[in-house]
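Novice: One letter stands for each residue in the lines below.
Protein chains: 2
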Amino acid sequence: MKTSDLKPDFSKFSCPLPLIHKGQIVLGHGSGGRMTKDLIESIFYRYFDNPYLRKGNDFAEFNNLDQKANMKWVVSTDAHIVKPIFFPGGDIGRLAISGTVNDISVSGGIPKFITASFILEEGLQLRDLEKIAISMSITAKEAGVEIIAGDTKVAEKGSADKVFISTTGIGILNQNTVIRGDQAKAGDSVIISGTIGDHGIAVLAARNELGFRTKVESDVAPLNILIQNVLKQNIEVHVMRDPTRGGVATTLNEIALQSKVTITLDETSMPIKQEVRSACEMLGFDPLYIANEGKVIIISPIIHAEDIIQILQDHPLGKDAKIIGEVSKADSTPRVIMKTKIGGTRIVDMLSGEMLPRIC
Amino acid sequence: MKTSDLKPDFSKFSCPLPLIHKGQIVLGHGSGGRMTKDLIESIFYRYFDNPYLRKGNDFAEFNNLDQKANMKWVVSTDAHIVKPIFFPGGDIGRLAISGTVNDISVSGGIPKFITASFILEEGLQLRDLEKIAISMSITAKEAGVEIIAGDTKVAEKGSADKVFISTTGIGILNQNTVIRGDQAKAGDSVIISGTIGDHGIAVLAARNELGFRTKVESDVAPLNILIQNVLKQNIEVHVMRDPTRGGVATTLNEIALQSKVTITLDETSMPIKQEVRSACEMLGFDPLYIANEGKVIIISPIIHAEDIIQILQDHPLGKDAKIIGEVSKADSTPRVIMKTKIGGTRIVDMLSGEMLPRIC
Numbered sequence: 001m002k003t004s005d006l007k008p009d010f011s012k013f014s015c016p017l018p019l020i021h022k023g024q025i026v027l028g029h030g031s032g033g034r035m036t037k038d039l040i041e042s043i044f045y046r047y048f049d050n051p052y053l054r055k056g057n058d059f060a061e062f063n064n065l066d067q068k069a070n071m072k073w074v075v076s077t078d079a080h081i082v083k084p085i086f087f088p089g090g091d092i093g094r095l096a097i098s099g100t101v102n103d104i105s106v107s108g109g110i111p112k113f114i115t116a117s118f119i120l121e122e123g124l125q126l127r128d129l130e131k132i133a134i135s136m137s138i139t140a141k142e143a144g145v146e147i148i149a150g151d152t153k154v155a156e157k158g159s160a161d162k163v164f165i166s167t168t169g170i171g172i173l174n175q176n177t178v179i180r181g182d183q184a185k186a187g188d189s190v191i192i193s194g195t196i197g198d199h200g201i202a203v204l205a206a207r208n209e210l211g212f213r214t215k216v217e218s219d220v221a222p223l224n225i226l227i228q229n230v231l232k233q234n235i236e237v238h239v240m241r242d243p244t245r246g247g248v249a250t251t252l253n254e255i256a257l258q259s260k261v262t263i264t265l266d267e268t269s270m271p272i273k274q275e276v277r278s279a280c281e282m283l284g285f286d287p288l289y290i291a292n293e294g295k296v297i298i299i300s301p302i303i304h305a306e307d308i309i310q311i312l313q314d315h316p317l318g319k320d321a322k323i324i325g326e327v328s329k330a331d332s333t334p335r336v337i338m339k340t341k342i343g344g345t346r347i348v349d350m351l352s353g354e355m356l357p358r359i360c
Numbered sequence: 001m002k003t004s005d006l007k008p009d010f011s012k013f014s015c016p017l018p019l020i021h022k023g024q025i026v027l028g029h030g031s032g033g034r035m036t037k038d039l040i041e042s043i044f045y046r047y048f049d050n051p052y053l054r055k056g057n058d059f060a061e062f063n064n065l066d067q068k069a070n071m072k073w074v075v076s077t078d079a080h081i082v083k084p085i086f087f088p089g090g091d092i093g094r095l096a097i098s099g100t101v102n103d104i105s106v107s108g109g110i111p112k113f114i115t116a117s118f119i120l121e122e123g124l125q126l127r128d129l130e131k132i133a134i135s136m137s138i139t140a141k142e143a144g145v146e147i148i149a150g151d152t153k154v155a156e157k158g159s160a161d162k163v164f165i166s167t168t169g170i171g172i173l174n175q176n177t178v179i180r181g182d183q184a185k186a187g188d189s190v191i192i193s194g195t196i197g198d199h200g201i202a203v204l205a206a207r208n209e210l211g212f213r214t215k216v217e218s219d220v221a222p223l224n225i226l227i228q229n230v231l232k233q234n235i236e237v238h239v240m241r242d243p244t245r246g247g248v249a250t251t252l253n254e255i256a257l258q259s260k261v262t263i264t265l266d267e268t269s270m271p272i273k274q275e276v277r278s279a280c281e282m283l284g285f286d287p288l289y290i291a292n293e294g295k296v297i298i299i300s301p302i303i304h305a306e307d308i309i310q311i312l313q314d315h316p317l318g319k320d321a322k323i324i325g326e327v328s329k330a331d332s333t334p335r336v337i338m339k340t341k342i343g344g345t346r347i348v349d350m351l352s353g354e355m356l357p358r359i360c
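Same order as they appear, the protein sequences are chains A and B.
With the working numbering as the guide, the letters of the first sequence map in order to residues 1 to 360.
With the working numbering as the guide, the letters of the second sequence map in order to residues 1 to 360.
Chain A on its own, in the form it takes in the complex (with noise of 0.2 angstroms):
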């Protein structure tokens, strides 16, 4: 067979994307909710498909080369576009670290390794790429993971915008470990780890959009040393997934598509700083919408709930862990729900469109 054989005909294949939007990329398609879902399904799953991909994770695993090892290995990785690069609480690097090592740690594994490549604007400061070099290796350090390996290109001025770092984690995971986002089981209790809503003011507020003051700081974090304090006391987890992009209802409902199964929220016990209800009130947003960098959601079932409290209440990054909702059996469709302050209920939907973004 002639290598030209191999190459595409594109004449050969259809076009099955729906044509709207013109057939063409909005901003909605980064969002991380439901136009993302479809992006990737009508493209990336349809071509590339194979069962590491289809589990929809935010990580693959692989076997270890000896199969009858105990441990296997599980990668991720990240494109991080966020605008500005510095925002109150950190920058591009840290979350570039952060982001993947979180989607590692949430498979339940401990991330190891990290490699980065790198997307110049031309006329970028040097001093800016060293604070986030910097950044990144303190990030590293505090999350005891190696940078092994990069690279870098430069854009000429006008086709990138500053920098743009894209990160893949290798980490291990035990071979018993079963933590997806299918796992969820009707009795489960939903925890979050602490505040919601704090990445995605920040940034809004660095890029003065906002049309006030605020205090609040990013929650950007490494929380891999958090996860395994709980994993450690082998305490049975069902679901982890840090709810980056789209936030804790667009992660919430993935969870309840891939479980079959209904959450149900208390609006009550949500943790959420006064500043960010109070910037999200004013600017008509929904703080369950909206990004967060250093917090995960756990589910496990509720007799384990107060023990993974307290454990993540031990640690900084988890000192406003609450619970925050159920799992019960889907009636017919399953979905989110919120049971308000006031003693109604309302769907949670995933998130359609894009609210902000270049938020990571």
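The hints are simulated quantities; they were obtained by calculation from the structure and are not laboratory data.
Certain hints may be false.
[To be verified] Derived contacts from chain A toward chain B, CB cut-off under 10 angstroms, selection only:
1. R127
2. A160
3. I323
[Unchecked claim] Stretch by stretch, here's where chain A covers chain B in the computed footprint (C-beta under 8 angstroms, at least three residues):
4. 76-85
5. 123-131
6. 142-149
7. 156-169
[To be verified] Think about it this way: if two alpha-carbon atoms lie no more than 30 angstroms apart in a straight line, the pair counts; the simulated DSSO-like pairs of lysine-lysine are:
8. B:K185 / B:K341
9. A:K141 / B:K112
10. B:K322 / A:K83
11. A:K232 / B:K72
12. B:K83 / A:K131
On a predicted model such as this, the values are computed, not experimentally measured, just so you know.
Glycine is no exception: its CB is placed at the ideal position from the N, C-alpha and C atoms.
Given the coordinates of chain A, work out where chain B should sit on it, guided by the hints.
Specialist: Only chain B this time, still in chain A's reference frame:
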């Protein structure tokens, strides 16, 4: 310890960077040549310092979990920002898979898994994204790798340029394999698997920057099968590298420096397509500095050279393979020298500054 203690205090760090170019990133920092090397050493090596990175290869190795196993893992990462995204002979998707497959392959490793993260510009045609995904899928099948994890972000129009793709490859490598840039030895032959400069000239042509028409197609291709054909014959290979950004000249300079040897090239034996030669002459380019994306340089003891040429030529991707030079002891400074057609010699220096931005 509070986590805030771990946040960077930039005031404590001095800026070690030479304040060239007014302290800004310029296109030359992405050339793959001397300026890229300076940037990596002054920022990334400085702050990410660890033994994996310090080896200075395009890949990093890490041990299997079972230390007694005879295989280890090898990982590599690359950002791809080629402009335009479609060019004669390939596209950014085929490039993103091939580039990473080839980086793993030149370690002597067998690539297994790829992760891909996409940065899309608002307004990108979905049809173009689909074509790219198809091309990635076909190239992955050709190379026998699976795309196991991914991420998609969208930047607002004008903040990126159509599509950027970062790929990370993971492969397996025999514990005893030592194919590295520092292994070239006096008496070795220098082999190239085919014609040089095709990719760079094809991309320039696609940008209409040549000022004339040419039929040159990019050589972009995954080389893992070609390379494994050589290695599975148990032929002693000292160095393998794919001469991408900065071309054959820059790659050989890196090898000469790492191995502390002199490499002498023979101009008459350098395989160059007539169209590439003509284009270079008209534009004043030296084809030795033009990027390749489907070529490998192999440095081996002279007694194996003819066998390697035979094996390479038996595969369509290696049909123009040639012995192009030899390795000798360095006098004082390691360098690359060219014996010219008219019988003289000239020094072939590393690329400094940028010749062709956005070439890969």
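Novice: Is the interface hint satisfied for A:R127? The criterion is a beta-carbon contact with chain B at less than 10 angstroms.
Specialist: holds (6 angstroms)
Novice: When you check the alpha-carbon spacing of B:K83 and A:K131, does it fall within 30 angstroms?
Specialist: Since the Cα atoms of B:K83 and A:K131 sit roughly 29 angstroms apart, the hinted pair holds (cutoff 30 angstroms).
Novice: Establish whether the coverage given for the region 123-131 of chain B by chain A is satisfied; the threshold is a Cβ-Cβ distance below 8 angstroms, and no fewer than three residues must meet it.
Specialist: Our answer is that it holds, as 8 residues pass the Cβ test (under 8 angstroms) against chain A, meeting three.
Novice: Do three or more residues from the region 156-169 of chain B put their C-beta atoms closer than 8 angstroms to C-beta atoms of chain A?
Specialist: That given contact holds, which follows from 8 residues of the region 156-169 of chain B lying within Cβ reach (below 8 angstroms) of chain A.
Novice: Using 10 angstroms as the Cβ threshold, decide whether A:I323 counts as touching chain B.
Specialist: Given a least distance of 23 angstroms, the restraint on A:I323 is violated.
Novice: Between B:K185 and B:K341, is the straight-line Cα distance small enough, at 30 angstroms or below?
Specialist: It holds: about 25 angstroms lies between the C-alpha atoms, which stays within 30 angstroms.
Novice: Examine the region 142-149 of chain B for residues whose CB is less than 8 angstroms from any CB of chain A, and state whether their number is three or more.
Specialist: holds (count 5)
Novice: Measure nothing beyond the straight line between the CA atoms of A:K141 and B:K112; if it is 30 angstroms or shorter, mark the hint as holding.
Specialist: Given that 30 angstroms is the threshold and the Cα spacing comes to 29 angstroms, the pair holds.
Novice: What's the verdict on B:K322 and A:K83, does the C-alpha distance respect the 30 angstroms limit or exceed it?
Specialist: Violated: B:K322 and A:K83 sit about 49 angstroms apart, past 30 angstroms.
Novice: Taking the least C-beta to C-beta distance, is A:A160 closer than 10 angstroms to chain B?
Specialist: Holds - the Cβ of A:A160 comes within 10 angstroms of chain B, reaching about 6 angstroms at its closest.
Novice: Would the pair A:K232 and B:K72 pass a check requiring their Cα atoms to be no farther apart than 30 angstroms?
Specialist: The hint holds at about 28 angstroms.
Novice: Mind checking, does the region 76-85 of chain B have 3 or more residues with a CB under 8 angstroms from chain A?
Specialist: Held - the region 76-85 of chain B has 7 residues with a Cβ nearer than 8 angstroms to chain A, which meets the minimum of three.
Checked against the numbered hints above, the structure breaks hints 3 and 10 and satisfies the rest.
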